[in-house]
Amino acid sequence: MHKWYEAPGIDRDVVFASRIRMVRNLSDLPFPVRMSASDRERVCLRVEKALSAVPDLAWTAAFLDEQEPEQAVSLVERQLCSAEFIAEPQGRAVFYTHDESLCVLVNGIDHVSMQGIASGSALPDVLNRVNTLDTVLDRTLRFAFHTQLGYLTQRLDALGTGLQPSVLLFLPALQQGGAVEQLSSDVAQLGFSLRGLFDSAIDPAGACYELTNRISFGISEADAVKNLLSISGQLCTRERQARTAFLQTEEAQDAVGRALAVLASARALEFSEFLRLYASVRMGVCAGQIGGVRVEQLDSLLFAVEPATLLQRAGKPLSAAQQQERRAQFCGAVLSAASFLPGV
Amino acid sequence: MLCQCCGERPVTTRIKTIVNGRLTERALCAVCAQRLGYTSLLTHLDRGFGSVFSDCLEETPAGVEHCPQCGATFDDIIRTGLVGCARCYETFREQLQPVLQHIYGADVHCGKMPGENLPQPQQNMELTVLQDALRDAVEQSDRVRRQALLNESLRRLEGGEDPDA
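Note that the protein sequences, when read in sequence, are chains U and C. Heads up: the first sequence runs through residues 168 to 511, numbered per the numbering used here. Heads up: the second sequence runs through residues 609 to 773, numbered per the numbering used here.
Okay, chain U solo, but in the shape it has when bound:
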């Protein structure tokens, strides 16, 4: 079964992926902050039972209490849950489909957090899938709802629709020009957040960012998505303009060519170095300056070489040097047919 990131997507030069998160709670149990261990177990069992009755979908379960550290970190690397979610594993679980495009987190900030993700710009489709899952689960689980307040959540900043739509954006040219931090402050004033996807809290790497609409109350799901698309459309336009100007310089073309050469032929690669080179090569592929490799192949490579996922898929312990060698081998295999087409 292919993973969601292996599929091509609309506007993938800038929009890496579209994500919908929808949180819900059960009405007859305390919210997670006041739950006992047996309450958590009860929620987990009820959600597992409800999911098993969803037609046409098969789920893989990962109970965090039973996961090795790298297994849990790999869930974050594969965009199935957040670092915050695995930080307190007691009674928490992740259920996900084989293509990892749908997942359900249990006992996080809220009892149930449904997530849908798809390649490229596809928010309405993803909202549709998550919404259908919500409707089916609600028939069994009876989510807490109040006519005037909407879906009731543990935190007031998710109350109402319980919806958090987001887009994962690739913004190398805006990052290069130092514009992202200002944009991050600007969009915050509108109720959005823009934050890095990798080592996001100090130095966002790989030029990957997540733009999220955080307004969930007093606005419909469709309007929340529409507003997000409006802001992300403006960011896409600015990124494309900045990228066109940037890639015309001799210096930038040289950087793209060098990045491809190192990524394709290195014998060992640290993940931080991979992310830096990946951003340059991806920009070159999207601009047509690098041929012989598709952007979705490059993104699949990113998921394959993330540290914990690399270890987990190896199925055996690897030393730091072995991990770097294995990462370089993966890169060499994917980029074997890639070629640099300067001046395009």
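Just to be clear, a hint being listed does not mean it is correct.
[Said to hold, decoys possible] With a straight-line Cα cutoff of 30 Å, these simulated DSS-like cross-link-like pairs (lysine-lysine) come out:
| no. | chain 1 | residue 1 | chain 2 | residue 2 |
| --- | --- | --- | --- | --- |
| 1 | C | Lys624 | U | Lys170 |
| 2 | U | Lys170 | U | Lys216 |
| 3 | U | Lys483 | U | Lys170 |
| 4 | C | Lys624 | U | Lys483 |
[Claimed, not checked] Listed next, the stretches of chain U that the computed footprint assigns to chain C, with coverage defined by at least 3 CB atoms under 8 Å from CB atoms of chain C:
| no. | segment |
| --- | --- |
| 5 | 249-255 |
| 6 | 296-305 |
| 7 | 314-321 |
| 8 | 347-353 |
[To be verified] Some chain U residues well away from chain C (every beta-carbon gap over 12 Å; in silico):
| no. | residue |
| --- | --- |
| 9 | Ala204 |
| 10 | Asp232 |
| 11 | Ser397 |
| 12 | Phe413 |
| 13 | Gly459 |
| 14 | Glu473 |
| 15 | Gln479 |
| 16 | Gly482 |
The hints are simulated quantities; they were obtained by calculation from the structure and are not laboratory data. These figures come from a predicted structure and were not determined experimentally. All residues carry an ideal CB built from backbone N, CA and C; glycine is no exception.
Since chain U is already given, all that's left is putting chain C on it; use the hints.
Relative to the frame of chain U, chain C by itself:
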């Protein structure tokens, strides 16, 4: 402790993140947190939970009322920023309503209702709200009219006049 990002200002936010395959905690100051996109709806509006609730606290004897389902007090919700259970919303509705108005500038949900898929007609919600408002207005106006009649009758009775004369 100083911010791990700028090394200058005191820490206000702790963020969990993955660095090179390991779960790591980063300690940030308010300025770096904002610059890196780590602000919640409450912080960017410059109203932390404490300040949002402070007005309500002055008017409400905190810690007196307990939620009958989970035992939480309004004080617990302020302290943690977390609501205890679905019933808390009913129990502390009067205290929470102005807070929602502060955060969102709205006080009525207008999205999906349980039972069916999106898109759902929004008119029902608006209609319900309008019907409620109309009913309140009619009741209010009834009360005013009845009070006026009563006052008039009392005045006439006190003055010895026949109200129906």
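Going through the hints against the structure:
| no. | hint | in the structure |
| --- | --- | --- |
| 1 | C/Lys624 <-> U/Lys170 | 26 Å, holds |
| 2 | U/Lys170 <-> U/Lys216 | 25 Å, holds |
| 3 | U/Lys483 <-> U/Lys170 | 23 Å, holds |
| 4 | C/Lys624 <-> U/Lys483 | 27 Å, holds |
| 5 | 249-255 | holds (count 5) |
| 6 | 296-305 | holds (count 5) |
| 7 | 314-321 | holds (count 8) |
| 8 | 347-353 | holds (count 3) |
| 9 | Ala204 | 16 Å, holds |
| 10 | Asp232 | 15 Å, holds |
| 11 | Ser397 | 18 Å, holds |
| 12 | Phe413 | 22 Å, holds |
| 13 | Gly459 | 30 Å, holds |
| 14 | Glu473 | 7 Å, violated |
| 15 | Gln479 | 10 Å, violated |
| 16 | Gly482 | 16 Å, holds |
Violation of the numbered hints given earlier is confined to hints 14 and 15; the remaining hints are satisfied by the structure.
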